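S.K.: Please build the complete structure, drawing on both the sequences and the hints.
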Amino acid sequence: MLKKFLQTILFSELGQGLKLTFRHMFMKKITVQYPKEKLTLADGYRGFIAHRRYENGVERCVGCDLCEAICPAKAIRVVSDIHPEVPDRRYAKEYTLDFTRCIFCGFCVVACPVNALSMTKEFAHSSFTRNGLIYSKEQMLALGDRAGDESDAYLKVKNMWDAEDSGKEEGRYHFPPITMGG
Amino acid sequence: MESVEKEEVRTNPGVQGLERREITLSTLRQAVLNGLDSTIKTDQFLLNMGPQHPSTHGVLRVLLDLDGERIKKAVPDLGYLHRGTEKIAEYRTYNQIIPLTDRLDYVSAMANNYAFVRAVEKLLQLKVPERGEFIRTIVAEMQRIVNHLFWLGTQALDIGAMSVFFYTFREREVLLDLFEKICGARLTTNYYRVGGVEGDLDQDVIDALYKFVDSFEPHILEYNTLLEHNRIWLARTKNIAVITGEDAINFGLSGPTLRGSGVDYDLRKYEPYGAYDLVDWSVPLGKNGDIYDRYWIRIQELRQSASIIRQCLDKLPSGPFMTDDHKVSFPPKGRVMHNMETLIHHFLLVVEGFKTPSGDTYCGTETPKGELGFYIVSDGSGKPYRMRIRAPSFVNMGAFNHMARGYMIADIVTIFGTYDIVMGECDR
Numbered sequence: 001m002l003k004k005f006l007q008t009i010l011f012s013e014l015g016q017g018l019k020l021t022f023r024h025m026f027m028k029k030i031t032v033q034y035p036k037e038k039l040t041l042a043d044g045y046r047g048f049i050a051h052r053r054y055e056n057g058v059e060r061c062v063g064c065d066l067c068e069a070i071c072p073a074k075a076i077r078v079v080s081d082i083h084p085e086v087p088d089r090r091y092a093k094e095y096t097l098d099f100t101r102c103i104f105c106g107f108c109v110v111a112c113p114v115n116a117l118s119m120t121k122e123f124a125h126s127s128f129t130r131n132g133l134i135y136s137k138e139q140m141l142a143l144g145d146r147a148g149d150e151s152d153a154y155l156k157v158k159n160m161w162d163a164e165d166s167g168k169e170e171g172r173y174h175f176p177p178i179t180m181g182g
Numbered sequence: 001m002e003s004v005e006k007e008e009v010r011t012n013p014g015v016q017g018l019e020r021r022e023i024t025l026s027t028l029r030q031a032v033l034n035g036l037d038s039t040i041k042t043d044q045f046l047l048n049m050g051p052q053h054p055s056t057h058g059v060l061r062v063l064l065d066l067d068g069e070r071i072k073k074a075v076p077d078l079g080y081l082h083r084g085t086e087k088i089a090e091y092r093t094y095n096q097i098i099p100l101t102d103r104l105d106y107v108s109a110m111a112n113n114y115a116f117v118r119a120v121e122k123l124l125q126l127k128v129p130e131r132g133e134f135i136r137t138i139v140a141e142m143q144r145i146v147n148h149l150f151w152l153g154t155q156a157l158d159i160g161a162m163s164v165f166f167y168t169f170r171e172r173e174v175l176l177d178l179f180e181k182i183c184g185a186r187l188t189t190n191y192y193r194v195g196g197v198e199g200d201l202d203q204d205v206i207d208a209l210y211k212f213v214d215s216f217e218p219h220i221l222e223y224n225t226l227l228e229h230n231r232i233w234l235a236r237t238k239n240i241a242v243i244t245g246e247d248a249i250n251f252g253l254s255g256p257t258l259r260g261s262g263v264d265y266d267l268r269k270y271e272p273y274g275a276y277d278l279v280d281w282s283v284p285l286g287k288n289g290d291i292y293d294r295y296w297i298r299i300q301e302l303r304q305s306a307s308i309i310r311q312c313l314d315k316l317p318s319g320p321f322m323t324d325d326h327k328v329s330f331p332p333k334g335r336v337m338h339n340m341e342t343l344i345h346h347f348l349l350v351v352e353g354f355k356t357p358s359g360d361t362y363c364g365t366e367t368p369k370g371e372l373g374f375y376i377v378s379d380g381s382g383k384p385y386r387m388r389i390r391a392p393s394f395v396n397m398g399a400f401n402h403m404a405r406g407y408m409i410a411d412i413v414t415i416f417g418t419y420d421i422v423m424g425e426c427d428r
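So the sequence lines, in the order shown, correspond to chains A and B. Throughout the first sequence, residue numbering follows my numbering, covering 1 to 182 in sequence. Throughout the second sequence, residue numbering follows my numbering, covering 1 to 428 in sequence.
No wet-lab data here; the hints were simulated from the structure. Small disclaimer: the values here were computed from a predicted structure and weren't measured. Some hints here could point you the wrong way.
[Unchecked claim] Computed list of lysine-lysine pairs in DSBU-like fashion (alpha-carbon distance at most 35 angstroms, straight line):
id : chain 1 : residue 1 : chain 2 : residue 2
1  : B       : Lys-87    : B       : Lys-327
2  : A       : Lys-28    : B       : Lys-211
3  : A       : Lys-36    : B       : Lys-127
4  : A       : Lys-3     : B       : Lys-238
5  : B       : Lys-181   : B       : Lys-211
6  : A       : Lys-74    : B       : Lys-383
7  : A       : Lys-121   : B       : Lys-238
8  : A       : Lys-19    : B       : Lys-238
9  : B       : Lys-355   : A       : Lys-137
10 : B       : Lys-127   : A       : Lys-137
11 : A       : Lys-137   : A       : Lys-38
12 : B       : Lys-355   : A       : Lys-28
13 : B       : Lys-127   : A       : Lys-93
14 : A       : Lys-156   : B       : Lys-181
15 : B       : Lys-181   : B       : Lys-355
16 : A       : Lys-156   : B       : Lys-127
17 : B       : Lys-87    : A       : Lys-93
M.R.: Right, dumping it as structure tokens:
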């Protein structure tokens, strides 16, 4: 009883709280000063979506529209056509990904039957105009070139790499990476 | 007549807790409520709170009818964050709806994923592999910890204790980083799939989880040092927003808001799913049904969740984490690229989605905020004919007038907070 009375008039619980806060001044700081230091992102990080190429530099996309079909936000628009140089191959004549609508769910990568899409670790894009965030295929290919191994690592983490591991080009016989002019 | 009531008590496990604890309104509050209709004549004063008020947890607008500083009537005005999730869902395949559910209760996306995926699995009568169930339970409990830490920080911040907010967000950050490793995003997770989960738990994630769970108890003690006996915290939470167990049941409350009134009702316990019946844990219950009890329950749930995670990690079986029923799950990419039949099936699965048997189902899941239920009517196609979301925040708001009446205007912020309300889920 007396103890409780003393605790009340001495503000002991407030004192303990202040002690705890004071102790934290000497602890290791966990705040990250963002633009100067950056966190390492996990390999499966779902950042901006990029187009990938085959090892010989030919773009993978065959314009099958599956990414457009599965996109929950209807952010993707694909217009496919017969390849002008290789008549038995289709490609995406126009490919538009509206990053103002994209919700970065990663379903387009799951849907792609040729591993033409992957997600990168890029997350900090901004633009003064709305058009600046509507990406064409060329911009997305450039994103993929810049990402390099990141896009491969994403597919590996998400268990979509097993087909690539078969190694040989003829392994992918349904969507052969036809060389230009050959 | 009496026998009928007893029968009801026996069949409903939730009501049993009531008999032990007789909860009455505090006499002070009763006096205040009587005094509201007193003889002192004041002008009617209507105060608009929100939708741009920082402590209304989003865009909630409340019309307050005041008598001096006392609240005579509080009318919540919902719908400012209505995004038509239920209607959009009618035009999306079941897989496409999973990322939409992330955005319902945006501080506990995993729990929403889980609730939706369970409803679809009930419709399909699909069985999930054991490892999948364990991973789901672990991740759902991680999400519960994240949500309760977020709640604790913001609730304390609303009342004026700022440092708790920093400490809870420090631990929340650890778990969100783990989410990033597991699924690639911190908040909009999109991790659960119908028939399992998207990816496996790696060994480094498991090690990090063990480390987190082991070091969690001292952190809880830290928050308690700042709050549990703090006289300001006690004055702002004790005997505020009291609701009796009977009223709580009648208003359809769920989650910690219901259990704070001493009603022993937790879907994880009474309709066990996932791996909850394979681990040892208990449901914390309050006594007085005030804000302090609901705070105490959430603190206890942090401990219970940590214990569930540890037991699940110990028992984590090996095996597949996703169902091998490829009528539902996407076939592996390697087969898609090398096998024509698989490729055709993959195309159909993407474009049309998997077919569900026609019929309707309701499935409730205990999310951190309460019972999140999905009612799905299926016409046999790959998209729901109608999807209705029973959002706990929305139902809990129904009791708002009842719980706020008679208290001071300064308490209204605390009363919002005690529901753990998130408007994304409330307005859907």
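S.K.: Hints first: check each against the structure and report whether it holds.
M.R.: Going down the list of hints, with the structure as the test:
Restraint check for Lys-87(B) and Lys-327(B): the C-alpha separation of about 26 angstroms stays at or below 35 angstroms, so the hint holds. For a cut-off of 35 angstroms, the pair hint linking Lys-28(A) to Lys-211(B) stands: about 18 angstroms separates their Cα positions. Taking the CA atoms of Lys-36(A) and Lys-127(B), the gap is near 48 angstroms; set against the 35 angstroms cutoff, the hint is violated. Only pairs whose Cα atoms come within 35 angstroms are accepted, and Lys-3(A) paired with Lys-238(B) is accepted, the gap being roughly 22 angstroms.
Annotation: proposed proximity of Lys-181(B) to Lys-211(B) holds, straight-line Cα distance about 16 angstroms (limit 35 angstroms). The suggested pairing of Lys-74(A) with Lys-383(B) holds, with an alpha-carbon distance near 16 angstroms, which does not exceed 35 angstroms. For the proposed pair Lys-121(A) and Lys-238(B), the alpha carbon gap of about 47 angstroms is over 35 angstroms, so the pair is violated. Taking the CA atoms of Lys-19(A) and Lys-238(B), the gap is about 25 angstroms. The hint holds against a cut of 35 angstroms.
For the hint pairing Lys-355(B) with Lys-137(A), the CA-to-CA distance comes to about 33 angstroms; that is within 35 angstroms, so the pair holds. Annotation: proposed proximity of Lys-127(B) to Lys-137(A) is violated, straight-line Cα distance about 41 angstroms (limit 35 angstroms). A C-alpha spacing of about 29 angstroms is found between Lys-137(A) and Lys-38(A), which places the hinted pair at or below 35 angstroms, so the restraint holds. Between the alpha carbons of Lys-355(B) and Lys-28(A) the distance comes to roughly 54 angstroms, so the proposed pair goes past 35 angstroms and is violated.
The hinted pair formed by Lys-127(B) and Lys-93(A) fails the criterion: a straight-line CA distance of about 43 angstroms is larger than 35 angstroms. Restraint check for Lys-156(A) and Lys-181(B): satisfied, since their Cα atoms lie roughly 13 angstroms apart, inside the 35 angstroms limit. A hinted pair counts as satisfied when its Cα atoms are at most 35 angstroms apart, and Lys-181(B) with Lys-355(B) qualifies at roughly 32 angstroms. Between Lys-156(A) and Lys-127(B) the alpha-carbon distance is near 27 angstroms, which keeps this suggested pair within the 35 angstroms criterion.
Proposed proximity of Lys-87(B) and Lys-93(A) is supported: the alpha carbons are some 33 angstroms apart, at most 35 angstroms.
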